[in-house]
Amino acid sequence: MVKEMIVIENLVHKYRTPQSGEFAALKGVSLQIAKGEFVVVIGHNGSGKSTLAKHLNALLLPHSGRVLVNGIDTREKERMWEIRQQVGMVFQNPDNQLIATTVEEDVAFGPENLGIPPVEIRRRVDEAMNSVGMSQYKTKAPHLLSGGQKQRVAIAGIVAMRPQVLVLDEPTAMLDPVGRAEVMETVFRLNREEGLTVVHITHFMEEAAHAHRVIVMEEGQIVMEGSPREIFAQVDRLKELRLDVPAMTELSATLRKEGVKISPDILTVEEMVVALCP
Amino acid sequence: MSITLHEVYHTYQPNTPFEYHALKNISLEIKEGEFVGIIGHTGSGKSTLVQHFNGLLKATQGRVLIDGVDISGKEVKLKEIRQKVGLVFQYPEHQLFEETVAADIAFGPKNLGLSPDKIVKRVKKAMAMVKLDYERYKDSSPFVLSGGEKRRVAIAGVLAMEPKYLVLDEPTAGLDPKGRDEILAQIADLHREAGLTVVLVSHSMDDVARLASRLIVMHQGEVVYNNHPRQVFSENNRLKNIGLDIPTVTKLMIALKEKGWPVRTDILTIEEAKGEILKAVKGGKPHA
Amino acid sequence: MLKDITIGQYIPGNSAIHQLDPRTKIITLVLYMVGLFLVNNVTGYAVVTGFTLAVILLSGISLKIILKGLKPLLFIIVLTLGLHLFMTSGEIIWQWGFLKITSQGLRQGIFMALRLIFLVTITSLLTLTTTPIALTDGIEKVLKALFIPAAHELAMMMTIALRFIPTLIEETEKIMKAQMARGADFDTGGLLARAKSLIPLLVPLFLSSFRRADELAMAMEARCYRGGENRTRLKQLLMGTRDYFAFGITGLFLAITIVTRYMV
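Chains as they are written, first to last, in my numbering: chain V, 1 to 278; chain P, 1 to 288; chain D, 1 to 264.
Wrong hints could be hidden among the right ones.
As the list claims (entries may be wrong) - To spell it out: a stretch of chain D is covered by chain V in this simulated footprint if at least three of its residues, at any positions, have a beta carbon under 8 Å from a beta carbon of chain V; those stretches are: (1) 48-61; (2) 114-126.
As the list claims (entries may be wrong) - Below, computed lysine-lysine pairings styled on DSSO-like, alpha-carbon distance capped at 30 Å: (3) K239/V with K79/P; (4) K150/P with K174/D; (5) K125/P with K77/P; (6) K124/P with K74/P; (7) K164/P with K14/V; (8) K177/D with K140/V; (9) K140/V with K64/D; (10) K178/P with K54/V; (11) K84/P with K74/P; (12) K24/P with K261/V; (13) K261/V with K110/P; (14) K84/P with K196/D; (15) K125/P with K74/P; (16) K196/D with K140/V; (17) K138/P with K124/P; (18) K77/P with K261/V; (19) K164/P with K174/D; (20) K178/P with K118/P; (21) K110/P with K121/P; (22) K58/P with K177/D; (23) K121/P with K64/D; (24) K259/P with K14/V.
FYI, nobody ran anything at the bench for these hints, they're computed from the structure. Heads up, the beta-carbon is just placed ideally off N, CA and C, and yes, glycines get one too.
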């Protein structure tokens, strides 16, 4: 049974800027995301990917079209908090989303807002810190943590609200490679082990390699959609969009042009070695 | 003419419980005309290191010489050192403050006490160097520009000091692939065409490997490598122990070599990798 | 360095003072202040000194840390002492030119300086022994009990301020260095020049603070924050025997100070 967790139909969103007047950030986007799916949305700054993300938990509302979360229309004002509990969101800047002066108090912030009894909050906070591997830091002040650790705390803060969907709006953009790996590992584990539906927004191609589905956005529209292999195999199209192509995929494309018979959808060094040394 | 560090140590909050040795016995030289990459994790000391190049931080011990002048000397004017060694910080767009792009870029030259027409000349030149059209951008507010444009304005602000050495701390952080490629291409131009000595601090091996002619690898406050990228990356295992990654193509060539292929392992780009693989395929690769 | 500033620094511990409910600490602090302003003679000050020292000992905070906290106030303390010393009229005990010290002035000066020292000491003891969260929680509860509106909002503001002070200090240092790399000079020149030199520091700092505030607000909303109503807390405040005991002792202290003022 496949249940659609999120349904986006013909979504249009416009911004008004003082310089250039009205500007459509989303020009009719349609998308369905199934329960338990791991979807990566890739695109440049200004492609509309963050605007799309903010529609998933009613931080922004459609100007036309609609967004359904678990069957609830995000425009239903009285169910806004229900939607936000179900769709948790992690943002780009790790410094600007932690509220409390210790890790555990910050993780507790969401459940506190939901009015959950203290004993239950305690349980959820401990579980959530454990699930992102931050238990030993529970009484630390956020500003003493590394970028990757801060983002894991932010994820724990969402997990403690027991959401169905985790939306990550460029959570790795400001991190170093170690921090990025920490965050991605955490997110993949939550998807695999807890069955959390994940919508991950990024401009790092390599983070898409293990997703179920990749969506490429450009100028407010979805321009490519498919499995990571299907997407990466289109090397020329990706280059035209000036997106990164995984090095091995690019190498396999150039080797094919030279007449070497290997598959066009190679993603990793291991796959390349197997392809070259059968 | 060079930036020379001689047995430099730097300790934060010495003689307190928070004492932290950020740099330990660093000796290195950056010669005029070079393009040097500095690589290391967050906390490896690379940001602390580059702040010694223009005297923003003082060595706890050891000497820093800019073109032969010890910058800890009493008669040394730090402003002159900072003019000579331009330092672009991480997320430099966060330092913009003027109402117009031109005024912001003029901040540095103004601090140097230059005449108004000289300042305008420098602003124009700096904007051309980062490929921002002077007439189009000079009067616009820096705050309405895109992320990539803002960053270029900030870099122009340092270039307007007309430094001889340009040090950039993670200039691509937070940019998308398009913005990243543009900035890196411009930095390469600054080195090749404008003849600037460039020091690029980064945690992206792929970026640095393509551009730098020398690589300094920092780990826990020490220089662990100081060599050509090809030499550095050929020591795969030691880099792995530090937790730094080598470029993906280098990784492939090492894996192929282990399978008995007659390929070179000091490969940095896809083009080079293609050439080596084709040579091996045509020459009849051995089947292990 | 800016990093040396310690605002609301908390020193972990398990002392009797640490374990008091934050509400108890806030209310007894107010009672203590009343006592401190009531005393006006040697006996009174002796009582206050004894009580203050006892509280410090109980807290397990070393005297060194407390003295360090007084250091920034040294100037004001000396000024207070000096003003009273030289400006009070009365029986002259020492004179040098137009400077004269009276016995009343000496007494008054010492009293005022002590009052200031004790005030700062006990207040800093509150922050030294109470986590910022417990402190804001306590303030929120006390304000609510006094029917002061926006108690929750005030407490939330305090929490956010405490959370962001280190971040903003770090940011200030970074912007300062970035501008210095462009030849800015923050240390020399007259008052006006120095004030002007702060613009390149303050403008970016404010801009980034606004950006932070904006992003933080969105993150809070996304985590279902909608004010203090129906909000629960991870940690509940509970008063125990220890707290009642603290109230009793402070009450006694207050009573004694009243006695010293009006009856001795």
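So, against the hints stated earlier in the document, which numbers end up violated here?
Numbers 1, 2, 3, 6, 7, 12, 13, 15, 16, 18, 20, 23 and 24, in rising order.
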